[in-house]
Structure formats: C-alpha cells, structure tokens
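Protein chains: 2
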Amino acid sequence: MVNFDYQTPTRLIFGKGVVAEKLQEVMAQYGNRVLITYGGGSIKRSGLYDQVLELLKDKEIYELPGIEPNPKFNPSVLAGVRICKEHHIDVILSVGGGSVLDCTKAIAGAACSDEDPWDIVIGKAPTLKAIPIVDIITLAATGSEYDSGGVISRTESNDKLAYFSPYVFPAVSFIDPTYTFTLPVKQTLAGVADCINHIMEQYFCGEHISMNDAFMEGAVRSLVRNVKVVLEKPDDYEARAEIFYATTLGCNGIYALGNSASGWPMHAIEHALSGHYDITHGEGLAIVTPRWMRHILNSTTGELHEQVVERITSFGQNVFGTATPKESIQAIHDFYKGIGIPMTLREVGIDESRIGEMAHHVALNEGLDEAWVPLHEEDIAAILRDCL
Amino acid sequence: MVNFDYQTPTRLIFGKGVVAEKLQEVMAQYGNRVLITYGGGSIKRSGLYDQVLELLKDKEIYELPGIEPNPKFNPSVLAGVRICKEHHIDVILSVGGGSVLDCTKAIAGAACSDEDPWDIVIGKAPTLKAIPIVDIITLAATGSEYDSGGVISRTESNDKLAYFSPYVFPAVSFIDPTYTFTLPVKQTLAGVADCINHIMEQYFCGEHISMNDAFMEGAVRSLVRNVKVVLEKPDDYEARAEIFYATTLGCNGIYALGNSASGWPMHAIEHALSGHYDITHGEGLAIVTPRWMRHILNSTTGELHEQVVERITSFGQNVFGTATPKESIQAIHDFYKGIGIPMTLREVGIDESRIGEMAHHVALNEGLDEAWVPLHEEDIAAILRDCL
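Chains as they are written, first to last, in our numbering: chain R, 1 to 388; chain F, 1001 to 1388.
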C-alpha cells in the first residue's frame, strides 16, 4: 500500500429534485454576481435553464453559452476569463456536462491571475486561488463534479491537456439523475465507457489493495448491468442513479487510495485521438482499452508480465466471469460492441494517416515511459494501429 | 437509491513516516497557540509525544493529558474548554485514538460558544463554529479521523451520547499504520470489531445499491483476513495499513452513499452497555452483533423479513462463503470468538441485574422504534439477555 495525501472538499447533493430543493440556499452563500456557463441548447430544451434563472432571479446574471465538447481554450476559456474580470464575478455556476465544468475550472483559476491564461492551464504559472464553482452536472461521465481537474483543448496545436488545481474543486455539485433520462444514447454509452476507463486506469497498476479491487469491480459490474437497463428503459431512475453515482466517484481518487500510480496510459493515448480528430472521448477510450490490454499482455516479461496477467485476469473474473486474460480482453471488447459503441478508429473517421504523428505527440508529452507498463513511441503507434 | 447530501472536507495524510514529513507544514497554517490532547501514557512510551513536541518546538504548547477511553464530559471536555478559552487556543492537535479525538471535537465546538458545554454536546445549543482540529490517530477503530462526530459519556447519568457538527471535521488527519504495531492485542481486536460493525450498520438496511455492497463486503473481507495476519505478525505493514484504511472510512458515510438509514441499532444497544459498565466499545459491539442478527431474523415477518433474510444471507455469502442466514450469523460469531474476543456479557463482567434498566434507557433515548427493523424495549431486553 503506498502513502497517500487525499482531500476532496466538494459537497455532493445527489438525487431527485435537489436543484429545486437546495440551489437557492447554496447560492446564497456567495455574492451577487453569477456567471452561468453552459454548452449547446440542451439545457434550454430540457427546461433546466429556465428553472435555474427563475431560482436565481434575485442575482445579477452573466452568461457564457456555447462551451464545446472537448472544451476549447480559444474561444471558451478566454471568453470566460474576460467576463469574470470585467464584471467581478463572485461565483460561477456550471450547468451541463463535464466539458462545461472542465472549462469552468480553467476560467475560475485563470480569472484570479494576471498571468497568461494558457500558462495557468499548462501549469507554467501557478493557480493561487479561484472563483468558487457550483455546478449542476447533467451528464454521467467524467466525474469532474467531484475532482479538481479539467481537460482543455487548444486547436492550433492539437493539444489536449489536463489542468489541475486544488482550488478548482467545485464547492458544491448538484447531481440529479433524472436529467440523464433524455440523453442521446451515444452520450449515455460514452459516459459509461469514460467511467469504466477511469476505474480501469486505477485498477491496472503495480501495487493495489483488495478492498479497492472489490469497490472498483463492484462499480464496473454496476455500470455493465445498468447501462443495459437504461438502453431498454431510459427513464429507469435506479439504473440512472447507480450509473451517475459510479461516474461521480471516477476521478478524485477515492476508488483507489493506497494503490500505486498507473500513469493513466489509455487516457494519454485517447487524448491524442480526440486532440487531433475531436472524437467523443468515451468512444475513443472504449476503442483503445482492449488494444492497450492486449499490448501489455503480449509485450511484457518477467515480474511485470505476472502483474499484468494477474490484473487482466482478476478484472475479467470479477466483472465478466471470464477465466483467462484473453477472455477478459475479449469480454470488455464484446461488451462495448454489444451496447453499440463503435469499436474501431475507422468507424469514428480516423485512418492510418496521422498515427505516427499522434504516437509522437503522446510519447513527447504524456510521460508514458514512466507508466506502470512503460510505453514508448513504437508501443503507442502499435496500439493505435491495432485500433484501426 | 435515496437522495444524499455528503461532504467530508478532511485531508487524509496516510502512510509510513507522514508525521515527520508533513506535520510542521500542516501546523504552520494555523496560529501559534496549540493545545495537544492525549490519553494515557502510550504516546510517551512510543516516543510519539517527544517527536511531536520537537516538531512543534516553535509553538506555544498547552496540554490536556489523561483523556479516558469512552471519554468523559467531566472532567475531560470541561477541562479542555477551560484551557481553550483561557489561552485563546488557535488549533487543537489530538494525538491518540478515537476517544481522544472524540473528546477533542466536543472541546473544539464547546470552546467557541458561551452556552453550557453539555448543551452543545447534546445539541440543545447549536455549534456555530469550532477551533480547527488536526489529529495524529494512533488506533485503527472508530473512523473519528474522517467524520464529524464523537461519542461523549457522562458518568452521573450513564449517558453515552453522540455529538455531531460539520464544524468538527478534522482539518487534517495523520494516519501512520506503524503506530499500531505495538498495540495491545485487545485494542487491535476491538478496533477491527468496531469497524466491521460500522460497516454492518450501513450494510443492513432497506434500500441499498450493489456497488456499496461490493465495497463493504470487500472491506470486511480485508479486515477478517488482515486481523489474522497481525495476530501472527503485529508489525506486518501491509496488513496494518489495510486495517487502518478500512477503519478510517468507517463512519463518514462513504461506504454507503445512497443507502437508506438503518438507525445503527447495534451501536445504540452497545452504548447502553459501555455507558453503564464502561466496557470496551468494540467488544460490546462484537457481543451484540450476532444476537441482533438472530433477533431480527426470528422476529420479523412479511416484506421486512424478506429484506432481513436477503441482507444476512448476502453478507455471509460474500464475506464468509456461507449459504444460509443461520450460517452467516454463526460465521460472524465464530470469527470473533476465533480471534479471541470475549463473546458473552458475563466474560466482560456484566450480569442480568441491569438489563431492564439498560433496555429502558435505549428505548427511551435511541429512537430504535424508527430503525430499519424497529426495536422496542422488550426487543432490546431480549437481545441483551441473549448476550449474557
């Protein structure tokens, strides 16, 4: 068991009807000038936008709409920082999915600094404080509602980078699973794949403890079972709630305190895919997952290989009831394919032309030579080719 | 899945050597006047007391030694409040087990109020703020290092009452499993029993979700396995660390977010035992556990009975590999007896003479008629008689 230093101060308000019940009470703790950040029109179609404005009708409201999936530094982060500085925003209310919230975190940090916002995002300049963030999270996927990080893309350089600061934990996250009843199937599936992958990145490592294994295997079993339920019945509250619960805990570390670091290799590789092609993150992760597993199974030797075999076997045994590492890898592939996720890069519009470039980008920027199973440029290229 | 509103702001610093590594940095965030609270002499014998004083030699140190197991309102809480008020204490450093920390929480809350400290403890007067608390926890048991509650006894009235306030979450908890290498066997066992019972109180309820079950079953399996390891080899770091990790998460709710409330019936009954006889809390819980299980199995009917059968069966199946509810109850009894916990009240010096009085006290004060399986005075008396 490795030493850890863990803190997640975010208050989670979870369940049916929690926004109507508690948003006003929560927002009353902050000042009067509120920036509401959101994405496309879905919160307007669902009525959530109107509900929030009505609940906050005594506040001075500013808005930043149009935040993209894979949120962009330019224009979104820059526009948000400008509004916050100009209008002395007291609190930012993020209403939407993980992309809106990730973007909000970068805004909240950069708006409290005189440094170049890009330097804040890449950590060249330190985040020393942030505007308080409250969020209403509408998509079960990234776990951004319970962590201190966000992923920001810069189109000019194909960069997709993680921004972290303890100052950008949401103060309060509202999670009402009924908001996910009307999600497009594609987003439901991508969210589940995103969360399963978050868990796998923490499960597949060198040093791990048994109760974390049980927790993570239980969470993945829950996701596997419940995603099938909501494909049949999108408004099944229990299934939607269990999915949202599992995804909320995905990225703050609570699944695996005391486990050693893995390096999050599948995320690192996927960030190149969605950085270069703007594909849906969860779909990219689903595609990469079985290929990364196969690569580490086939390319390792000695003690590391024994670790790899043990992890892949245990995961398959306790999630899918499989017996061998190969069956485990096949089971996760077949599960994703069975629920309807495109499982090749060609299906999401990516061919071999930029594989070398992407592998180089990952090898240069993601430090995977230090990962649990170290990956070099040729390993990354081989995994990506296997994904075609 | 039931709605929940959850927050645990405490920073956990866990592992070998963390006090030497980070105590000064942590304490530098607070003012200069430090009250150190502790219990008997064990921290002096172990060298921890000297280490802490050396690390804090630039601070103005006050001390409250002698805090009792089952900490007493009078003298300990009152004495601590007096020191804090007289010397304008900036931060309290609790060094010891859960009893020291529980007492510290009551001091921290009552010292910031002009109301009668007993009224603060029983909630008659509100806790509106508290002196910041840092702790070095030396006993793997109560989980007080990661929750906002404490249990305080008042000898005059045989009261043993829980005190809760969101203001008394420790700011930072230092958890070094090596401190438990030299614990007396009795305390190691009682701590494990305490934690298993915390988990069972959250597991045995009406509405529950599958990933919580997996987490809790995994934690109990870990405790059952690792306590046997440390009985053989008290300085096995991995086993001590896994035990401490499981106990730290025991009481803040993270094991069972979204589960319905159970009423914590075994704790309620045990509080009467240790309130009237000052026995070791974990031993009292171990004794009550199989008798409470048997009582609810035999006394319920209809849908509630089906729930009871399902919970007892699942617990036994997934922790001990048993098949029937009776085998599950026998397995937990035999596990406790096998590791050396006294499993009857007579063995801990309690006879039938005050059972009626204790049952009356519990029925009057603990609200068990509202528990998942409601218990009235005659049920409580029957359970206690079964414990003799």
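A hint or two may mislead.
Claimed, not checked - Derived pair list, reagent style BS3-like, types lysine-lysine, alpha-carbon separation capped at 25 Å:
| id | chain 1 | residue 1 | chain 2 | residue 2 |
| --- | --- | --- | --- | --- |
| 1 | F | Lys1022 | F | Lys1059 |
| 2 | R | Lys85 | R | Lys124 |
| 3 | F | Lys1044 | F | Lys1072 |
| 4 | F | Lys1124 | R | Lys129 |
| 5 | R | Lys22 | F | Lys1129 |
| 6 | F | Lys1072 | F | Lys1057 |
| 7 | F | Lys1022 | R | Lys129 |
| 8 | R | Lys44 | R | Lys16 |
| 9 | F | Lys1072 | F | Lys1016 |
In case anyone wonders, no lab produced these hints; they're calculated from the structure.
How the hints compare with the structure:
1. A C-alpha spacing of about 16 Å is found between F/Lys1022 and F/Lys1059, which places the hinted pair at or below 25 Å, so the restraint holds.
2. Distance restraint check for R/Lys85 and R/Lys124: the Cα-Cα separation of roughly 21 Å lies within the 25 Å cut-off, and the hinted pair is therefore satisfied.
3. In summary, the hint linking F/Lys1044 to F/Lys1072 is supported, as the alpha carbons are separated by about 22 Å, within the 25 Å threshold.
4. For the suggested pair F/Lys1124 and R/Lys129, the alpha carbons sit about 38 Å apart, so the restraint of at most 25 Å is broken.
5. For the hint linking R/Lys22 to F/Lys1129, the alpha-carbon distance of about 22 Å falls within 25 Å, and the restraint holds.
6. Taking the CA atoms of F/Lys1072 and F/Lys1057, the gap is near 30 Å; set against the 25 Å cutoff, the hint is violated.
7. Between F/Lys1022 and R/Lys129 the alpha-carbon distance is near 22 Å, which keeps this suggested pair within the 25 Å criterion.
8. This hinted pair checks out: R/Lys44 and R/Lys16 have alpha carbons roughly 19 Å apart, not beyond 25 Å.
9. Taking the CA atoms of F/Lys1072 and F/Lys1016, the gap is about 32 Å. The hint is violated against a cut of 25 Å.
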